[in-house]
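J.: Sequence:
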Amino acid sequence: MISNSVVLPRPYRFLTAALVAALGLGLSQTAWGQTAAPVLPQRGVSATGAPIGGSNAATAPAHDPAALSSVGRGRQEGGRKSNGSISQGVKMHGRWVIDIKNPDGTLVEHRDFENALEQDGQGLLIGLMSGYLIPGDYMIVMGAQSGNAPCTATYQFCGIARSLSTYPGLGYCSVYYCATGLTYTYNLGTGGLNSGPFSMVLAGSITANQTGTIGTVYSLISTCANIGYSTTANPSTLETSSPASCVTQTSPEPWYGPLSLASITPVAVTAGQIIQVTVTITFS
Numbered sequence: 001m002i003s004n005s006v007v008l009p010r011p012y013r014f015l016t017a018a019l020v021a022a023l024g025l026g027l028s029q030t031a032w033g034q035t036a037a038p039v040l041p042q043r044g045v046s047a048t049g050a051p052i053g054g055s056n057a058a059t060a061p062a063h064d065p066a067a068l069s070s071v072g073r074g075r076q077e078g079g080r081k082s083n084g085s086i087s088q089g090v091k092m093h094g095r096w097v098i099d100i101k102n103p104d105g106t107l108v109e110h111r112d113f114e115n116a117l118e119q120d121g122q123g124l125l126i127g128l129m130s131g132y133l134i135p136g137d138y139m140i141v142m143g144a145q146s147g148n149a150p151c152t153a154t155y156q157f158c159g160i161a162r163s164l165s166t167y168p169g170l171g172y173c174s175v176y177y178c179a180t181g182l183t184y185t186y187n188l189g190t191g192g193l194n195s196g197p198f199s200m201v202l203a204g205s206i207t208a209n210q211t212g213t214i215g216t217v218y219s220l221i222s223t224c225a226n227i228g229y230s231t232t233a234n235p236s237t238l239e240t241s242s243p244a245s246c247v248t249q250t251s252p253e254p255w256y257g258p259l260s261l262a263s264i265t266p267v268a269v270t271a272g273q274i275i276q277v278t279v280t281i282t283f284s
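Take 1 as the starting number for the sequence shown in this note's numbering and just add one per residue.
Check each hint, because a few of them may be wrong.
[As the list claims (entries may be wrong)] Computed beta-carbon distance windows for the label pairs:
1. 196 / 47: 38 to 48 Å
2. 154 / 211: 42 to 52 Å
3. 245 / 108: 34 to 44 Å
4. 46 / 245: 25 to 35 Å
Just so you know, the hints here were simulated from the structure itself, not pulled from any lab data.
Predicted, not measured: the structure shown is a model, and the values here were computed from it.
Note that beta-carbon positions come from the ideal geometry of N, C-alpha and C, so glycine has one too.
Start from the sequences and build out the full structure, keeping to the hints where you can.
T.: Laid out in structure tokens, this is it:
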């Protein structure tokens with residue numbers, strides 16, 4: 001039994017469900033309560049420049065029906081068959097679309113796939129569900145599996161952020177080649193939160209500054225807690241600030257890092273081509 005559970009308002013529950021959908025996770029209803037502070041992941045960049053997070057070997061090749069329908073497919077867990085969904089059987093999907101276009105707007109390649117679980121994103125999700133963390137801004141990052149990526153700065157990664165003055169863009173775009181203008185679109189249902197359809201869409205674009213390939217993609221989030229970032233400490237009390245204030249918070253430095261990732265069949269990009277990305281989170 002979970003005691004002293006935290007009951008989140010409906011808007012926070014929807015956002016948390018959307019984040020869980022982005023990871024392709026399943027939730028039971030008891031997960032809305034939390035008795036202990038989450039263990040949060042380290043954030044920053046690895047020795048190769050990748051956003052720091054847990055390892056994940058899952059792949060999602062383009063146009064692979066098995067990969068595209070993997071979220072919610074039956075699998076064995078502890079001797080029981082799980083459908084990868086909420087206890088009511090609702091399936092959640094995080095669908096990525098990458099379009100490569102020439103400067104004149106002609107489409108060169110279209111790729112779509114499902115994302116996969118980023119292991120260290122679990123700490124951020126538990127923090128959001130429990131109320132120890134408050135959501136801030138988002139970011140999309142793309143890199144190569146080997147060789148050159150389509151973008152280069154200190155490290156060879158393309159970043160699309162809403163702003164370079166807010167985290168996670170503020171943390172990563174000092175070493176990544178970045179573009180701003182990431183947009184968020186929420187559909188909370190035509191008849192309120194008790195109806196549908198529901199979706200959350202992240203969308204943006206960036207122009208490649210070198211020739212390379214996209215082989216790995218990440219979604220990132222910034223979150224705020226009652227303490228600043230530390231590699232050893234975790235928040236000890238519920239966060240009382242608002243999402244609006246978390247978006248602009250720079251001191252103490254927010255907790256930020258990868259939520260989800262996918263490794264895909266590499267997409268070739270030539271310098272000067274436009275990379276358009278859309279991440280759509282839906283339920284079925």
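J.: Taking the numbered hints from earlier one at a time, note which ones the structure violates and give those numbers from smallest to largest.
T.: 2
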